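Number of protein chains: 2
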Amino acid sequence: MTTVTLPIDPLVHAAWLPAAAFSAVGSRRIAVVLEDDLSFDGLADPAFSPVAPTIMAEVEAATAAHGGALVDEAEADVLLAIELDCCEENPEAFCFSRTDGLVRIVASNPRGLLYGWFHLARLGKDAFTGPDVENECHTPHTALRMLDHWDNMDVHPVMGHVERGYSGGSIFFDHGVVREDLTRVAQYARLLASVGINRVAINNVNVGRLEMRLLDDLLPEVARIADVFRPYGVTTHLSVSWASPVRLGGLADSDPFNPDVLAWWQAAANRVWAAIPDFGGFVIKADSEGQPGPFAYGRTHADGANMLAKAVEPHGGLIHWRAFVYNHTQDWRDRKTDRAKAAYEHFAPYDGTFAENVIVQIKHGPLDFQVREPASPTIAALPQTSVAAEFQVTTEYLGHQKHAVYLGRMWSQLMQFPYWGEGSPTMADIVAGGHPLGDGTRIGGFVAVSNVGDDVFWTGHPFAQANLYAWGRLTWDPQADPDIILSDWALATFPEVSSEGAAALDAILGKSWETYEMYTAPLGVCFMVYPHHHYGPNPDGYEYTPWGTYHFADRISIGVDRTRATGTGYTDQYPKPWRDVYENLATCPDELLLFFHHVPYTHVLKSGKTMIQHVYDTHFEGLERVKVAVAAWQGVRDEFPADVAARIDERFAEQVRSATDWRDIINTYFYRHSGIPDAHGRPIY
Amino acid sequence: MTTVTLPIDPLVHAAWLPAAAFSAVGSRRIAVVLEDDLSFDGLADPAFSPVAPTIMAEVEAATAAHGGALVDEAEADVLLAIELDCCEENPEAFCFSRTDGLVRIVASNPRGLLYGWFHLARLGKDAFTGPDVENECHTPHTALRMLDHWDNMDVHPVMGHVERGYSGGSIFFDHGVVREDLTRVAQYARLLASVGINRVAINNVNVGRLEMRLLDDLLPEVARIADVFRPYGVTTHLSVSWASPVRLGGLADSDPFNPDVLAWWQAAANRVWAAIPDFGGFVIKADSEGQPGPFAYGRTHADGANMLAKAVEPHGGLIHWRAFVYNHTQDWRDRKTDRAKAAYEHFAPYDGTFAENVIVQIKHGPLDFQVREPASPTIAALPQTSVAAEFQVTTEYLGHQKHAVYLGRMWSQLMQFPYWGEGSPTMADIVAGGHPLGDGTRIGGFVAVSNVGDDVFWTGHPFAQANLYAWGRLTWDPQADPDIILSDWALATFPEVSSEGAAALDAILGKSWETYEMYTAPLGVCFMVYPHHHYGPNPDGYEYTPWGTYHFADRISIGVDRTRATGTGYTDQYPKPWRDVYENLATCPDELLLFFHHVPYTHVLKSGKTMIQHVYDTHFEGLERVKVAVAAWQGVRDEFPADVAARIDERFAEQVRSATDWRDIINTYFYRHSGIPDAHGRPIY
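In order, the protein sequence lines correspond to chains A and B. Take 1 as the starting number for the first sequence in the numbering used here and just add one per residue. Take 1 as the starting number for the second sequence in the numbering used here and just add one per residue.
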């Protein structure tokens with residue numbers, strides 16, 4: 001077995017893996033048994049897994065730091081062991097047990113064992129106290145728990161180095177080349193493994209000419225990155241351009257029915273897997289926001305995806321085909337076209353025609369990562385297709401990691417959305433192959449856009465680390481309690497902080513998504529941000545643009561009528577009961593009121609308040625909540641490392657400024673339109 | 001005398017100086033007499049003027065092309081002659097006469113003679129027909145007829161190569177250096193001389209680090225440009241940064257009271273005038289939109305300007321100190337601060353304290369080159385100061401040279417604005433030293449931002465050449481009829497076009513400013529454009545920004561209350577009668593209604609229409625007028641050179657698209673706010 005050292009750079013923030021996070025387990029006598037009696041049965045020996053040395057290095061480092069020791073099985077009070085038939089042979093699962101003072105983590109594969117190791121660390125002292133536990137099995141909800149990086153190789157003139165990145169430059173690329181020193185990538189891989197994330201696509205779905213070359217002459221550089229991810233069980237993927245055969249290969253077209261195009265992709269796949277035998281596959285944004293795609297040749301998305309799928313299939317590769325397809329040159333005068341309907345219309349008709357290794361990757365809502373959208377009906381519309389739900393850990397519409405916004409509660413709600421009503425299969429069930437009309441073989445997963453960059457705190461706002469952490473935990477277990485996940489994160493990240501400090505963090509972040517919603521675009525109306533960068537309030541920012549994001553505010557009413565009866569008919573895309581719940585004003589949840597209905601400012605909500613008064617009240621209260629959070633922070637800030645505290649001070653100053661803007665501009669916009677004063681006479685301009 | 005050849009590049013459009021423009025005069029026998037009997041009196045011999053060889057080259061080229069000849073005085077039917085005591089020794093003036101079949105242009109200096117030559121060319125056959133003319137004197141209205149180029153040396157990441165430039169790159173700079181080949185500059189100089197423009201500042205008033213070096217190691221490159229302008233009587237100026245002593249000179253500050261700072265500028269001036277003996281002076285944007293200035297040291301604009309003036313005074317240099325100073329980080333909630341008041345507040349208190357060679361350069365209106373603003377009260381508020389009125393030939397807010405908009409009528413109206421009522425001194429009078437409270441010694445002039453770039457047609461839209469042409473003609477004679485100027489331009493530029501074609505051009509361009517106003521921001525409300533680039537409709541684009549440009553539209557009313565009685569008090573800055581005319585709703589001109597008053601949509605205009613119906617009617621009619629212009633164009637387009645016609649086709653397509661957007665978005669915005677339908681039931685969304 002090769003030996004490795006843990007990638008730890010003291011100049012970079014340790015996130016939730018400081019040395020102290022291993023103090024409980026690191027003080028024990030630990031045995032690691034990587035051979036199994038069954039290994040001679042012709043199965044690959046787990047001791048030769050690329051993850052095995054990582055486990056050894058983790059255990060050695062933890063015991064060295066905290067007074068424990070690596071010992072033989074007989075002397076151990078902690079045992080990490082391979083049993084090939086454990087956990088139904090799911091290589092990522094592990095079993096936890098505690099009997100007769102011995103704590104055991106057992107897995108069928110070192111990957112599961114590594115996840116079990118981080119589980120032990122997370123449990124801390126609790127791993128070793130309390131009643132016996134027998135065979136508590138931990139199995140990831142789905143095999144696909146992925147992060148997409150929208151990293152460009154060089155600084156893009158409009159989108160910067162990382163598109164929708166708010167944490168500095170790329171950890172992979174710098175000035176047009178793959179970084180020489182990939183230590184940050186190794187640290188990142190370790191953070192991801194510790195929360196169960198197992199796949200990463202390293203480059204932007206908007207693929208430029210330089211990034212195309214990652215498939216070609218720059219492939220050895222991709223292999224270097226894959227080498228760094230591999231010891232942590234993280235598989236590398238690439239985003240590719242549909243136009244690659246033309247721009248890179250010099251072919252006359254990229255028609256999926258052109259045999260030369262398939263041959264080109266087959267050759268490309270052969271090249272990639274030769275360089276990276278455990279490569280994951282390709283992510284593709286086609287016929288979307290100006291990116292090339294099969295439409296140019298009169299072919300469908302299924303035609304395109306299946307051609308690519310055929311090229312990667314012999315290697316066991318996946319094609320992540322994004323469903324973010326809509327008309328981005330819409331006419332605002334046209335109230336019939338509804339961008340929210342687009343993904344369903346483009347993909348639902350092709351259900352059952354996608355190859356087995358195509359994963360249709362669908363945003364969690366029908367629009368674009370807004371603070372409040374209904375769950376996308378498209379996710380439930382493809383029973384014979386593998387589906388991944390796409391989220392954003394980076395906060396494009398949620399404050400650019402300048403605002404403290406914890407998203408665990410939002411994601412949890414969406415993942416557990418029951419598409420056929422209370423108790424029915426959820427979004428999480430569907431992506432794990434549990435569509436009630438499917439046969440259980442079409443399994444996708446969860447993908448999100450990463451929020452990580454070369455910032456010393458990884459995520460710009462140190463508190464935004466909590467979102468990266470929660471993304472891993474929730475994709476592993478969508479039913480996990482997001483509030484407990486937040487506490488776990490805080491405890492691991494700031495072990496030096498008192499219980500008052502931890503309580504303050506909880507007060508600051510726990511309901512921060514709801515707070516952000518209160519002071520920004522209300523009641524599911526969506527957008528109302530500045531075009532392009534998507535930061536700060538601009539109520540009419542998209543109202544007369546080609547992007548298909550309109551609220552139609554006038555002096556009487558506001559909102560988008562998406563009903564079948566009088567509107568765009570979007571509600572028709574939902575199964576029962578939601579198609580009726582959303583359709584009817586009486587049953588539509590208030591928080592989605594303006595997403596589904598165009599209503600007068602005087603409309604009375606279920607709370608008994610008028611809509612306009614609700615807008616005023618939530619906007620005044622939203623800012624007050626931010627100020628309460630700031631006060632809570634100020635009470636405990638000195639418990640935090642000085643550099644963390646300084647960065648958070650700076651972020652809170654901006655959050656207060658920006659939230660004040662939001663409050664006043666949204667309130668003023670609604671007031672100038674409605675003419676209805678605030679019932680409490682607070683200042684509106 | 002050195003000989004020169006005319007700068008003519010057949011690959012670049014000839015604008016209004018095609019060979020045919022000289023056909024009438026070029027067919028004559030022409031004598032040029034550059035010596036004068038008085039020259040032995042110790043005056044510089046005009047024959048050694050740098051402009052003299054230009055005259056010879058012009059006459060030689062025209063006669064060679066059109067069958068005339070350069071002859072001795074006795075054989076001539078056209079005489080161009082120097083008489084040192086002519087035209088009150090104004091070196092730019094000339095006298096035209098026609099007696100006994102001899103046409104004479106006489107001037108005290110070759111510069112006047114060159115202007116006379118182009119005057120002859122413009123007259124064409126009319127120069128030689130009709131009754132005798134005796135000593136018709138042509139004197140420019142003011143000595144300062146200038147163009148500012150907002151050219152950057154390299155492509156600026158936000159503002160591009162030419163800030164507010166819509167005609168390609170800079171004719172001076174390319175990729176960070178002064179162009180090797182300055183032929184385009186020479187052609188440009190000739191175009192300018194032909195319409196009387198005599199000064200050019202070559203670089204952007206927002207001065208970057210690279211451009212600062214034009215004062216220093218890049219000075220020889222400026223000298224090369226000045227060498228090209230000089231033969232056409234055009235003086236070169238530079239824009240400079242207030243921070244130059246710090247950034248370029250390494251001083252600790254740029255406090256105008258620091259003797260080292262003055263010494264630095266004196267040394268800089270010595271350097272510049274040593275390299276360019278006839279250099280014009282410095283243009284400066286200080287304490288404006290983030291540019292550094294004397295405020296940082298607690299000094300006034302007068303302190304700053306006078307220090308620079310002292311440095312350039314020994315060389316006869318000028319300081320153009322821009323009055324475009326306002327708070328650009330304003331709070332939109334604050335209705336008391338009024339950006340329109342800023343220039344007056346910053347400069348009027350210092351009248352009488354500016355050095356003689358300081359020219360305070362004031363935008364024609366109080367805001368920023370909008371389609372309709374009142375004349376700036378600041379221009380009339382500085383009787384003891386030299387004042388230049390600043391205009392924009394480039395169409396920042398007037399369609400980016402994608403829309404056909406002729407500005408002669410707008411400029412003419414502003415230049416002739418009578419600040420003390422009908423028949424009183426006008427803006428043109430004031431800048432020429434005619435302020436009624438002044439002593440006549442404080443003389444400024446007219447400055448405008450150029451619309452020229454390295455585009456093959458010079459100005460993007462070939463019809464935008466008319467604005468450059470008109471700028472020269474109107475600065476020479478502000479009382480000239482802008483409609484005749486337009487005809488002169490069309491005749492010279494398109495000599496091949498029939499009278500139907502000329503009539504079509506007149507129909508397309510004659511009232512095009514008024515048409516543009518009809519379909520864009522109405523009734524002096526200003527802005528309603530996209531922030532930053534300023535193209536296309538965005539009614540709330542600036543409403544909640546820090547730029548101080550708000551219209552406060554609500555469901556009842558719109559407009560800015562700038563009255564003394566209830567508003568910002570801006571009307572107080574005007575002398576009588578305007579302070580009262582604008583103050584009172586009953587007398588305020590309708591076209592400035594929303595500039596001065598916040599009024600209900602139901603307000604009845606002098607036309608008898610409600611304001612809202614006027615908005616609808618003008619916006620429907622504005623687009624119709626564009627369509628009529630397009631139809632007129634299509635009827636005659638084949639008479640035009642194919643490349644010109646193709647470019648204009650393309651521009652009209654965009655103008656129709658954009659004007660349709662303007663019509664529908666403005667109408668919809670007003671409709672959604674007011675709730676008042678169009679009286680004629682036309683589509684509003």
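By construction, these hints were calculated from the structure, which means they are not laboratory data. Mixed in with the good hints there might be a few duds.
[Stated by the list, open to error] For the chain B half of the interface with chain A, some residues (derived, Cβ under 7 Å), not all of them: (1) K310; (2) I665; (3) R672.
[As the list claims (entries may be wrong)] Chain A is nowhere near these chain B residues, computed Cβ spacing over 12 Å in every case: (4) N206; (5) W332; (6) T545; (7) I556; (8) E591.
Every value quoted in this text rests on a predicted model; they were computed, and no experiment measured them. Note that the Cβ used here is the ideal one computed from N, Cα and C, for glycine as well.
Enumerated hints in conflict with the structure, sorted upward = 1, 5, 6, 7
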